[in-house]
Amino acid sequence: MSVLVYINSNSGLHKSALETVSYGKKLGGNLTVITSGSADDSSLATLGKYGANKVLVDRSIQGNDDQQLTQLIASAADSVGATTIIFSHDLTAKAVAPRLSVRLKAGLISGAIELPAADGTVKVNVFSGKAFGSVKVNSSVKIISLLPNSFQPEENGNNCAVESFSSNASSSLIKVLSTKKPEGEIPLPEAELVVSAGRGMKGPENWGMVEDLATALGAATACSRPVADIGWRPHHEHVGQTGVAIRPNLYIAIGISGAIQHLAGVNGSKVIVVINTDAEAPFFKAADYGILGDAFEVLPRLTEAVKKFKVSGQ
Amino acid sequence: MKILVCISKSPDTTSKIAFVDQNTKFDENGVQYIINPYDEWYALVRALEIKETLGGDVTVITVGPIADDAIIRKALAIGADDAVRIDADPTDAYYTAVQIAEYAKSNNFDLVLTGKETINYNGSQVAGMIAESLNMPFVSLASKLDVNGSTLTLEREIVGGLQVVEVSLPAVVSCAKGMAEQRIPNMRGIMAARTKPLQVVAPVSVELLTTYVNYTMPNAKSSCKMIDPMNMDELVALLHNEAKVI
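Chains as they are written, first to last, in my numbering: chain A, 1 to 314; chain B, 1 to 246.
Derived by calculation from the structure, the hints in this document are not laboratory data.
Certain hints may be false.
Residues of chain A placed beyond 10 Å of chain B at every Cβ, according to the derived structure [said to hold, decoys possible]: (1) 30; (2) 115; (3) 158; (4) 264; (5) 273.
Quick list of simulated restraints, FRET-style, between CB atoms [said to hold, decoys possible]: (6) A:176 - B:18: 39 to 49 Å; (7) B:183 - A:1: 44 to 54 Å; (8) B:146 - A:1: 45 to 55 Å; (9) B:183 - A:163: 25 to 35 Å; (10) A:78 - B:211: 42 to 52 Å; (11) A:278 - B:108: 52 to 62 Å; (12) A:176 - B:200: 40 to 50 Å; (13) B:197 - A:203: 27 to 37 Å; (14) A:105 - B:56: 33 to 43 Å.
Beta carbons: idealized from backbone N, C-alpha and C, even for Gly.
Sequences and hints are given; from them, build the entire structure.
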């Protein structure tokens with residue numbers, strides 16, 4: 001059994017990379033990581049601690065072109081004789097994994113949330129998080145794309161070897177004109193704690209207290225669709241059916257009613273806290289903890305409580 | 001400009017999700033099917049906008065049984081010129097993609113558009129599989145698409161940001177929010193849709209790479225614990241000691 005994990009290391013090693021390597025380790029067998037991009041050898045070597053036996057890197061590929069990446073992963077899979085290929089179910093995987101599936105005639109399981117069961121089936125999210133499906137792959141090689149925040153990284157090994165690898169990929173057909181990346185922010189799908197607010201905040205000028213709570217917790221900020229649509233917050237913060245789907249450990253929803261389209265994007269969260277003035281808000285039905293009250297009074301109080309908790313170092 | 005728009009049916013967003021036959025099949029009882037919203041609002045409408053400025057034809061295609069003619073007629077009412085239905089059950093993404101690619105191969109489309117994913121299987125698989133089958137470049141999750149001659153300029157989401165890219169036609173693009181706005185078909189469109197051509201094509205034989213063995217429902221949430229808004233220390237303590245998330 002040989003497992004190949006593709007990780008995106010263009011902007012350093014993300015938690016999702018550690019998750020996929022740890023997941024691959026649990027499948028047993030020899031584990032190789034293939035990556036493109038700019039991460040240096042010493043940081044790639046640390047993937048050994050999470051279970052990699054070897055890291056292969058092709059720095060000639062920037063990782064913007066799904067055809068090049070498909071070629072890269074296919075030739076790495078061929079060279080190590082991979083029987084299982086693992087991705088993190090992020091935007092790169094959504095572009096590359098389907099191509100690779102066709103190229104290798106390998107069944108693709110998208111959005112896995114658990115390790116394979118004893119019968120080999122893998123559980124995935126379906127119906128926008130309202131149900132789970134168990135999927136079986138019929139081909140000899142399988143591809144699993146793991147939803148971020150579904151699997152805890154486990155560190156218990158040593159650094160591993162890093163070797164350069166060339167896939168002789170043809171030149172890119174996609175020309176990048178510009179890239180805009182907010183600096184220093186955790187990508188929302190990877191955030192473990194998320195503070196999210198909706199129209200109940202009454203205006204963008206009131207977001208300071210949302211950000212204060214997020215900073216105190218070390219959380220990412222998100223918002224509901226109407227808030228992104230009217231331009232109070234940037235679009236990449238919009239969670240829900242048409243925005244990003246996330247599954248953090250903690251989701252705090254402030255002044256969001258909890259329409260079914262919003263819930264579709266957050267119902268995988270492990271714990272949901274809802275703060276709303278409307279006792280009839282449907283979100284309370286999906287919540288673990290509810291606070292019926294005015295966000296403008298509750299938020300500063302909660303931020304203080306969090307700060308006190310952090311200082312006490314419990 | 002010849003544009004192929006791939007559409008899929010999906011249960012209306014508010015449908016009750018349940019399963020039958022020992023949880024091996026989606027319970028269609030009482031379910032209202034719609035065009036998958038990403039396919040309709042973004043892919044189809046953007047295709048029509050391009051046609052309106054540059055001329056050309058918009059063909060919609062779906063893989064499905066005769067019952068799916070209803071969603072095809074809706075796409076025609078919104079403004080597509082003609083439609084193709086591959087007469088088969090869309091068993092998995094690979095099966096569906098190969099059927100569409102086979103049709104596309106012999107019909108020389110300049111641009112193939114899909115929605116970013118369906119709201120029932122959420123796989124985001126079909127578009128990339130079509131692109132690989134046709135050996136075309138693929139831009140996924142595009143939120144803007146402009147055509148300049150034989151070049152597309154697109155804005156797409158990437159991990160942690162946004163990117164503007166250029167690609168030559170022919171190409172495959174999956175469409176996300178921002179690309180276009182939903183259109184409601186008018187009475188003239190609905191009338192015209194009745195007589196627009198709908199071609200039914202027999203499927204090619206394709207092996208199944210994956211099988212959905214069964215489905216389960218998430219455990220019901222235990223009831224929400226209400227916290228006194230004056231006592232946020234209690235909430236923090238519960239998040240730490242009981243929920244163990246901070």
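Against the structure, the hints:
The beta carbon of residue 30 of chain A sits about 24 Å from the closest Cβ of chain B, which is more than 10 Å, so the claim that it is off the interface holds. Every CB of chain B is more than 10 Å from the CB of residue 115 of chain A (nearest about 16 Å), matching its label as outside the interface. The Cβ of residue 158 of chain A lies farther than 10 Å from every Cβ of chain B, with a closest approach of about 28 Å, so its non-interface assignment holds. Residue-level check failed: residue 264 of chain A sits 8 Å from the nearest beta carbon of chain B, not beyond 10 Å.
The Cβ of residue 273 of chain A sits about 7 Å from the closest Cβ of chain B, inside the 10 Å cut-off, so the non-interface label is violated. At about 45 Å, the beta-carbon gap between residue 176 of chain A and residue 18 of chain B stays in the expected band of 39 to 49 Å. The hinted range of 44 to 54 Å is satisfied by residue 183 of chain B and residue 1 of chain A, whose Cβ atoms lie roughly 51 Å apart. Between residue 146 of chain B and residue 1 of chain A the CB atoms are about 47 Å apart, so this pair conforms to the stated range of 45 to 55 Å.
Taking the beta carbon of each, residue 183 of chain B and residue 163 of chain A are about 53 Å apart, not inside 25 to 35 Å as hinted. Range check, residue 78 of chain A to residue 211 of chain B: Cβ separation about 26 Å, and the 42 to 52 Å hint is violated. Between residue 278 of chain A and residue 108 of chain B the CB atoms are about 55 Å apart, so this pair conforms to the stated range of 52 to 62 Å. For the pair residue 176 of chain A and residue 200 of chain B, the supplied restraint of 40 to 50 Å holds, since their beta-carbon distance comes to about 41 Å.
Checked against the given bound of 27 to 37 Å, the beta carbons of residue 197 of chain B and residue 203 of chain A, roughly 51 Å apart, lie outside it. For the hinted restraint 33 to 43 Å between residue 105 of chain A and residue 56 of chain B, the CB-CB distance of approximately 34 Å keeps it satisfied.
When each numbered hint is compared with the structure, violations occur for hints 4, 5, 9, 10 and 13.
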